[in-house]
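K.L.:
Numbering (the numbering used here), first residue to last: 645 to 894.
Simulated from the structure, these hints should not be mistaken for laboratory data.
Think of the CB as a built atom: it goes at the ideal place given N, C-alpha and C, for glycine as much as any other residue.
Hints are supplied without guarantee of correctness; some may be wrong.
The calculated DSBU-like cross-link candidates involving lysine-lysine, where the alpha carbons are at most 35 Å apart (straight line), are [unchecked claim]:
(1) Lys677 / Lys703
(2) Lys703 / Lys676
(3) Lys779 / Lys860
Label-pair restraints from in silico Cβ distances [said to hold, decoys possible]:
(4) Asp720 / Ile747: 37 to 47 Å
(5) His764 / Asp835: 38 to 48 Å
(6) Gly825 / Arg854: 46 to 56 Å
(7) Val832 / Val771: 15 to 25 Å
(8) Thr888 / Ala751: 23 to 33 Å
(9) Leu719 / Asp776: 39 to 49 Å
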Amino acid sequence: SSRSWPPVQTPQPRTPEGAGLDDRMGARLSSKKPTITDVARRAGVSVGTVSNVLNGAIKVSESRRERVMGAIRELDYTQNMLAQGLRRRRSPVIGLCVPNTSIAYFAALVDAFEEVAANHGFEIMQVLSRHDPRKERQRVNALLRYHVGGLILVPGMEPEGTYQLIADSGIPVVVVDRPTGDYAFDEVTFDNRGAMFEAVSGLIGIGHKRILFVVKERLLSVTVQRSEGLRRAADRAGPAVTATILECGD
Numbered sequence: 645s646s647r648s649w650p651p652v653q654t655p656q657p658r659t660p661e662g663a664g665l666d667d668r669m670g671a672r673l674s675s676k677k678p679t680i681t682d683v684a685r686r687a688g689v690s691v692g693t694v695s696n697v698l699n700g701a702i703k704v705s706e707s708r709r710e711r712v713m714g715a716i717r718e719l720d721y722t723q724n725m726l727a728q729g730l731r732r733r734r735s736p737v738i739g740l741c742v743p744n745t746s747i748a749y750f751a752a753l754v755d756a757f758e759e760v761a762a763n764h765g766f767e768i769m770q771v772l773s774r775h776d777p778r779k780e781r782q783r784v785n786a787l788l789r790y791h792v793g794g795l796i797l798v799p800g801m802e803p804e805g806t807y808q809l810i811a812d813s814g815i816p817v818v819v820v821d822r823p824t825g826d827y828a829f830d831e832v833t834f835d836n837r838g839a840m841f842e843a844v845s846g847l848i849g850i851g852h853k854r855i856l857f858v859v860k861e862r863l864l865s866v867t868v869q870r871s872e873g874l875r876r877a878a879d880r881a882g883p884a885v886t887a888t889i890l891e892c893g894d
């Protein structure tokens, strides 16, 4: 004979005593990040007013500003700067591309740029080109896709492709430590020829006759300029002084 068994019942989770629908919904929503709409609702103002307080674009009354800032603190709201940049096609983020940060000079530049940007309400988004022209174009293009508000570029080897990419984008750019030739970019450069001429002349002046200049990238534009300053100082000193350039690579 067959015997029937009662169906297995799966135990249901119990709702804590006293927890109503509002409590359960609140617990579920608490795991979500607050949005600008949440801030506006908490402060009793429009989303546009919250945006004006955050961006400072339009003056907002002190009472409304205090309500908005209070709601921001209560909700622990943080502004998504990248999303803001995508909406506006510009953002308070500055792109920075340098060859690397393993060299003390580049590391010092990055540190100085970050401090200046932070003091003026901007953030830095940094990428590395590693002296690879193809990688440099790719990394700069990635910054442009994030719609950064501006770009600081310390170019590597053969930067012409990157220069053209930047010129076509129309983004504000400052090129540091490298001459840009025919491109009408703002530049912060140094008199590499003059500096090297003075340094070598000083060594010759205290009796040194054999000058060795050790470089990593012989064809880098600043290296070419420094080499010209070296040779000019050696030539002026006459045949008793020899100047040698040694490329050591990595």
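K.L.:
Of the hints given before, which are not true for this structure?
P.N.:
5 and 6
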